[in-house]
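Turn these sequences into a full structure, and let the hints guide you.
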Amino acid sequence: MEASSRSQPQVEVSDAPRSRVPAWVLGAIPLALIVAALAALLSVGGDTLGERLGPPVEEIAVERTTLRSGEIELTVRNTGPDAVTVGQVFVNDTYVDYRTSGATIGRSATETFTLNYPWQADSPYLVTLVSATGATTEHEIPLAVATPSAGGGFYGLMALLGLYVGVIPVMLGMLFLPFLRRVREHWIRFFMAVTVGLLGFLALDAYLEGTEIAEAGTGAFGGAKLLFIGAGAAFLGLVALDRFLRARRARAREAGASGFQLSLLIAIGIGLHNLGEGLAIGSAYAIGELALGAFLVFGFALHNTTEGLAIVAPLSRHQRPALVRLVGLGLIAGAPAILGAFLGASVYNPELAALLIGVGIGAIIQVIVQLVPAIRDRAGRALQPASVAGILTGVAILYATGLLVSA
Amino acid sequence: MKFDRRQLLGGGAIAAAGALTALNPHGNRALAQDSAAGSGMGHGMKGHGGGTSGATMRKGATVDHRANGFNPTDLLRDFDEGRTRRLASGRTLREWEIVAADKEIEIAPGIKYPAWTFNGRMPGPTLRGREGDRLRIRFVNGSAHPHTMHFHGIHPAEMDGVPEIGAGLIQPGKSTVYEFDAEPFGMHLYHCHAGPLAEHIARGMYGAFIVDPRQGREEADELVMMMNGFNTNFDAEGNQVYAVNSIAFHYVNEPIRVRQGELVRIYLANILEYDPINSFHLHGNFFDFFPTGTRLEPADFTDTIGMVQGQRGILEVRFPHKGLFMFHAHKTEFADLGWMGFFEVV
Numbered sequence: 074m075e076a077s078s079r080s081q082p083q084v085e086v087s088d089a090p091r092s093r094v095p096a097w098v099l100g101a102i103p104l105a106l107i108v109a110a111l112a113a114l115l116s117v118g119g120d121t122l123g124e125r126l127g128p129p130v131e132e133i134a135v136e137r138t139t140l141r142s143g144e145i146e147l148t149v150r151n152t153g154p155d156a157v158t159v160g161q162v163f164v165n166d167t168y169v170d171y172r173t174s175g176a177t178i179g180r181s182a183t184e185t186f187t188l189n190y191p192w193q194a195d196s197p198y199l200v201t202l203v204s205a206t207g208a209t210t211e212h213e214i215p216l217a218v219a220t221p222s223a224g225g226g227f228y229g230l231m232a233l234l235g236l237y238v239g240v241i242p243v244m245l246g247m248l249f250l251p252f253l254r255r256v257r258e259h260w261i262r263f264f265m266a267v268t269v270g271l272l273g274f275l276a277l278d279a280y281l282e283g284t285e286i287a288e289a290g291t292g293a294f295g296g297a298k299l300l301f302i303g304a305g306a307a308f309l310g311l312v313a314l315d316r317f318l319r320a321r322r323a324r325a326r327e328a329g330a331s332g333f334q335l336s337l338l339i340a341i342g343i344g345l346h347n348l349g350e351g352l353a354i355g356s357a358y359a360i361g362e363l364a365l366g367a368f369l370v371f372g373f374a375l376h377n378t379t380e381g382l383a384i385v386a387p388l389s390r391h392q393r394p395a396l397v398r399l400v401g402l403g404l405i406a407g408a409p410a411i412l413g414a415f416l417g418a419s420v421y422n423p424e425l426a427a428l429l430i431g432v433g434i435g436a437i438i439q440v441i442v443q444l445v446p447a448i449r450d451r452a453g454r455a456l457q458p459a460s461v462a463g464i465l466t467g468v469a470i471l472y473a474t475g476l477l478v479s480a
Numbered sequence: 102m103k104f105d106r107r108q109l110l111g112g113g114a115i116a117a118a119g120a121l122t123a124l125n126p127h128g129n130r131a132l133a134q135d136s137a138a139g140s141g142m143g144h145g146m147k148g149h150g151g152g153t154s155g156a157t158m159r160k161g162a163t164v165d166h167r168a169n170g171f172n173p174t175d176l177l178r179d180f181d182e183g184r185t186r187r188l189a190s191g192r193t194l195r196e197w198e199i200v201a202a203d204k205e206i207e208i209a210p211g212i213k214y215p216a217w218t219f220n221g222r223m224p225g226p227t228l229r230g231r232e233g234d235r236l237r238i239r240f241v242n243g244s245a246h247p248h249t250m251h252f253h254g255i256h257p258a259e260m261d262g263v264p265e266i267g268a269g270l271i272q273p274g275k276s277t278v279y280e281f282d283a284e285p286f287g288m289h290l291y292h293c294h295a296g297p298l299a300e301h302i303a304r305g306m307y308g309a310f311i312v313d314p315r316q317g318r319e320e321a322d323e324l325v326m327m328m329n330g331f332n333t334n335f336d337a338e339g340n341q342v343y344a345v346n347s348i349a350f351h352y353v354n355e356p357i358r359v360r361q362g363e364l365v366r367i368y369l370a371n372i373l374e375y376d377p378i379n380s381f382h383l384h385g386n387f388f389d390f391f392p393t394g395t396r397l398e399p400a401d402f403t404d405t406i407g408m409v410q411g412q413r414g415i416l417e418v419r420f421p422h423k424g425l426f427m428f429h430a431h432k433t434e435f436a437d438l439g440w441m442g443f444f445e446v447v
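So the sequence lines, in the order shown, correspond to chains A and B. Residue numbering for the first sequence follows my numbering, starting at 74 and increasing by one per position. Residue numbering for the second sequence follows my numbering, starting at 102 and increasing by one per position.
None of these hints come from the bench; they were simulated from the model. This structure is a prediction, so every number in the text was calculated from the model and none was measured. Mixed in with the good hints there might be a few duds.
Pairwise CB distance ranges, derived in the manner of DEER restraints [claimed, not checked]:
no., chain 1, residue 1, chain 2, residue 2, range
1, B, 407, A, 154, 14 to 24 Å
2, A, 472, B, 407, 51 to 61 Å
3, B, 338, A, 277, 52 to 62 Å
4, A, 141, B, 299, 36 to 46 Å
Below, computed lysine to any residue pairings styled on SDA-like, alpha-carbon distance capped at 25 Å [to be verified]:
no., chain 1, residue 1, chain 2, residue 2
5, B, 432, A, 209
6, B, 160, A, 140
7, B, 432, A, 166
8, B, 213, B, 277
9, B, 275, B, 160
The beta-carbon is built from N, C-alpha and C at its ideal position, and this holds for glycine as well.
Given below as structure tokens:
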């Protein structure tokens, strides 16, 4: 009330033409009024509407599960509008003793519950949190596996995993460069189209996986929306980077995107994608869902080798790049898998994963946009028989090699 | 014993724990328990279980019996024989006033259940008469919902306490009188029969109805146990909390104290809803079992019995050894969810 009556004269001032009031003051005044009005609403506005209809809404979700010998530690987030008090907890229909610093979880807050329960490796568990009002929230542990502790051996293993599934395959794929430099122009267009197909499939795959992961989370930070936020931010960020690089090169009297610049952008895009892939692998390892071993390494090697091909395809008609530059491209594309594996296995959170997978998707889409000019034939058509064949071949390769990996 | 309705509806501490134990109409040599109303744990086990030692509620958390208005330790030996008067015919007339009231009960530490009760407690008062007595129960509905009192036993149709027959549903603020003869002798039940039936029972509207044989039974330390449970999330699929006499793991925290060699008689009923069957298992001892208590010869000598919904019976046991003996549902899921206790033989 107070705020709206005061705002009246200010509107008149701003309407007045050729005011001498500085622009920042005109901006600051409504801002101050909005802050004041919101503060007033916060302090008294709620009382004018009375209580909610019905009982308090109790929405809590387990954000993270850590399994130690004889203990299950749950990080529980309140995703609803009201505070929730946890009354008791049972695991597989057995009430358990537990430690917590505070049973009442405020709105958007988290609380840790450490359950004293003799869980057995490789068994499934259903944890039920019973609130003070008797409402129940269930949390499924599909397969109990001791959560790896973050020691030197653990980081070594994650680094090795990232190396196997990210860096090595990408660099192997880049070995196609000499071959690509020798083949004819239309074959290059074909291989560029294969790359487009590969990337398109990766984007679709990541989208589906990201949606699934986001839905498994608590939704407290937006769930699947994070996928789109990540994608949008990555796409726009890479567009800005591309424009910046082009502007610099334009000053250097070169027109159009150079092969190396395109390769760099593709490497960045694939690197962001591999960050998400590493995350998925690391988290699957941490919860015991990842079958480590030769098959996994082989499957990913085959799968990600094609990513190396995508990186070097734009380099086939340009000056021979220095070896160190090629290694750099390979690391940009592959090394994020190591970082992703660390993150996934140590601080895994479904919504962080969704955001990062979204980043990968946006990056890939931007790369596809970049590649389209390279698959145009002399008549300027992007979709011609050779490029369509290439795109479908790319999709088929990733589909087939994707069947070999289940992470 | 008589309950003051005003106190009841006011939710006051009507069942001051000590008072209930003192009121032992049979004059049995009931053992004084360390009454723990309001103070949480009693003597004996300071919270058994945890980890590989078994199920437990969160250690250190306690139920506020004073706020609940009753302590299950006191309910065990609390028999309500009503106000008695000799009729011209020579028969005994027993009269009770039972008041339905809605009340929040803490059924496990930290978990409150919106119960519907008889006389503010769960289970309701144990009504006890002798074979052939005339029983008159004035039922006052102080709850916000319509209810009835349906007795198991032999009685005229209009005294059956079901909707649309006799007095039918008793609306909030209304009352009625149920009157019939006490027959047959045995361990019976009474419960509300309003619809939805499962919910009206599950909410806590039940109690034991004991008819003693004309010639009486051998003197014993007598206990009433109603096996019940609570579907706290109201999904009508199973229960989240199981118990005897309503409070999960209560007799773990306050073991039932009995004397070595003395006859202990347990009036046991299964009043559980949303699960088809319940059971009772006693450790380290065997008992005589009298199904429904309607025969004086035991039908079984065992340590485990099963009961479907509404089934009940009488158990007689003498504990030859001192010490702590567990008893629980041998449907172990129920045991782990609260239906577990101890006898402490002294």
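Do the hints match the structure? See the list:
About 45 Å separates the C-beta atoms of residue 407 of chain B and residue 154 of chain A, a value inconsistent with the hinted range of 14 to 24 Å. With their beta carbons about 57 Å apart, residue 472 of chain A and residue 407 of chain B fall inside the hinted range of 51 to 61 Å. Range check, residue 338 of chain B to residue 277 of chain A: Cβ separation about 39 Å, and the 52 to 62 Å hint is violated. Between residue 141 of chain A and residue 299 of chain B the beta carbons are some 41 Å apart, a value that agrees with the proposed interval 36 to 46 Å.
Our distance criterion of 25 Å between C-alpha atoms is met by residue 432 of chain B and residue 209 of chain A, whose separation comes to about 22 Å. Between residue 160 of chain B and residue 140 of chain A the alpha-carbon distance is near 21 Å, which keeps this suggested pair within the 25 Å criterion. About 12 Å separates the Cα atoms of residue 432 of chain B and residue 166 of chain A, which keeps this hinted pair within 25 Å; it holds. The hinted pair formed by residue 213 of chain B and residue 277 of chain B fails the criterion: a straight-line CA distance of about 30 Å is larger than 25 Å.
With a C-alpha separation of about 44 Å, the suggested pairing of residue 275 of chain B with residue 160 of chain B is violated against the 25 Å cut-off.
Consistency note: the structure conflicts with the earlier hints numbered 1, 3, 8, 9.
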